[in-house]
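Sequence lines, in order, name chains R and Z.
Position in the first sequence (from 1) plus 165 gives the number in this note's numbering.
Position in the second sequence (from 1) plus 38 gives the number in this note's numbering.
The set of hints was computed from the structure by calculation and includes no laboratory data.
Values in this document were obtained by computation on a predicted structure and should not be read as measured data.
Possibly wrong hints are sitting among the right ones.
So the derived list for chain Z, only partly shown, Cβ under 8 Å to chain R, looks like this [said to hold, decoys possible]: (1) I43; (2) I44; (3) G207; (4) A324; (5) G369.
Glycine residues also receive a C-beta, built at the ideal position from the N, C-alpha and C atoms.
Residue-level listing of the chains:
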Amino acid sequence: MPPPTPLSPPELSYLYTSLSLTPPIRLDLRQPSQFRPIIAECSFLPHCNGSSRICMTEAGECIVGIKAEVEKDATTKYATVIEREKWIEVSVEVAGGGVAGAGSGSGGGGGGVGIGGISGAGGATGRDEGDGGAAVWLKEGLLAGGGGAGAGWSILDRLVISSGWHWKLYIDVLLLTPTSHPSPLLLSTAVNMALSSTYLPKLTSPHDIDDIPTFSDDWAISTPLYEPTSFPKPPISLPVVAVGDNVFLDPSVAEVAAAEAGLVITLSLVDEEGSCDVVGVRSMEVGRAGGKEGERKGIGRKLLREMVGACVKEAGEVIKGLGETTQKQMFRA
Amino acid sequence: MPIQIIAPAPFVTAADEEDDEGGVRLDFDNEGDIAMDSDAPRRAGRQTGGIVTPGEVVTDDPQWMRGHGTYLCQSHESGSQSIVSSLAGTISKTNKLLSIRALKFRYVPEIGDLVVGRILEVQTKRWRVDIAAPHSATLLLSSINLPGGILRKRTSTDELQIRTFFSEGDLLVAEVQTLSNDGQASLHTRSLKYGKLRNGVFMMIDAGMVRRMKSHVLTMNTSNGGGEVDIYLGVNGYIYIAKHTTPLTESGGPEGKSVSITRLEEEASEAIYSNVNEEISPETRAEIARIACVIGALAKNGVKVDEEMVHLGYEAALEEFLQGMEWGGDGEMGRRVVEASLVKRREQ
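Chain R extracted, bound-state conformation (with noise of 0.2 Å):
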């Protein structure tokens, strides 16, 4: 396969005409909150406590499977925020390449896997080597993942089994069509939809002894990691652009290419209204940054406001729409 090439100059410049104007033409005519249809399956792979497959039109194809181990708590007196962030470890592996892992275990391997370009996440160039990339924002945004309303609630805390016993969650990530664009929306969706997917087995043994925990293996009375009623739900990453004063949902490759600014906001729906908090905020890499060429300009306040301001309103949506197809595909036999 050749390299992705660049876009023409008059290519680009059609795009970010179009797109400035008011109302502004994306080239698939969809509206500027509108995102791409998805193909998503949930909870496919057996030897996963959750799973996911999510198709995009141009990303390509990603799927995730969620494990978890029962591991004896090693926290101690001083190092207890470092050791309880290691109770998740996320790894994102390009089929046929390498992998880029966040934790004790795997981490330090290998050149991060770059996720459309986000500043600080790693990136194919070695920018960060050893940091993992993709998989250390993608566990950034779940162990943030509960802010404002749900202040104080944390995932870690639902992997307590009991005392001086937790789970240890292994959250792998392939994506499966490594010469597209990986976007983050792919990423975030597919890590998402695998964590509302994700069931955990019931504890059998009481909860404040010591003694290796016993389990019940009945799947029915499983719990499940994120309660399907309760909030928060597993965050979600939705990458936004700006050009001019437009702000676009889901950019689509030239998008990104024409586009002034970009950033890639992590958000956690707190409530049944479909409000969201922010819990991250990322930015991403776009062709024009800082204006026409030439040109330096960073992002003003308003635009910087309008682009979370759009994620906020939609995330909502979005969360709920993939909290519904998971609950759909889980039930459904």
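Using the hints provided, position chain Z relative to the given structure of chain R.
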């Protein structure tokens, strides 16, 4: 709902399609059993012209001849030769010749094809062009229109400023001039119909989805004040849709070419390699996007793209638009437009 989430299509085994008589039956005049093993679904797949995968034994019956997409393989135990598929596709049969038609394939260049390509690399005297073929094509410096007229010889100055004509990423429309032994194409743009592409959008569909036609450059009259739009339907599945430009591409028609050569000297100036778009109105942009959506929907729904279908599809899309339907993120609108245009074609 900003996002549409689709459940994957249910898995269909080959055995389910056993009643389908549309495919090729290998055993229709066979006395012996052609099946290699007793594996029922696999045998059914082969017999009904279902899908074979690379390495799958098609038949070991010596009466068949091996065609495209297959190779002969000697069996270890019996020593008999069997025909094995080298592609993923459907079996097609011409008399005693067995060949495999691939489900998805790259473009195979043929001399005279109009292709749309993108420059991959600039070399000393030529460009490497991506035309969606297994090999990238070459475009020699001597086979483009040099500014100042077609009869001019290329000079070392031209070689030095090769990037002013085409540089990496540029899109161009060209014709396949020659083919080398391994199928690598050499292109030329020595006509005013060909050259650098501006003022529009590029899209790609599968190579097999563009029907070969008399002319692959269509000019369409669009409504809603969009004016005229040019569509370059590359045979290789690369498509460029642009605002209609008068001065340089006007010279179509039977006599157009001879006229264009005499006028070339004045017109083939530096302007044909310009990277600057003309002024394009929002109306034209909207119609260009609509045409792009129609072509994408046709290809996605398995309808070959040609002049007639583009016109019918565009009409159908306009009718839907008047009824207030919006092209959304879902494929629903595309399906409706394609269905409507197929109905129209049947009526004609």
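(message) To test your reading of the hints: which numbers does this structure violate?
(response) Checked against the structure, no hint fails, so every one of them is satisfied.
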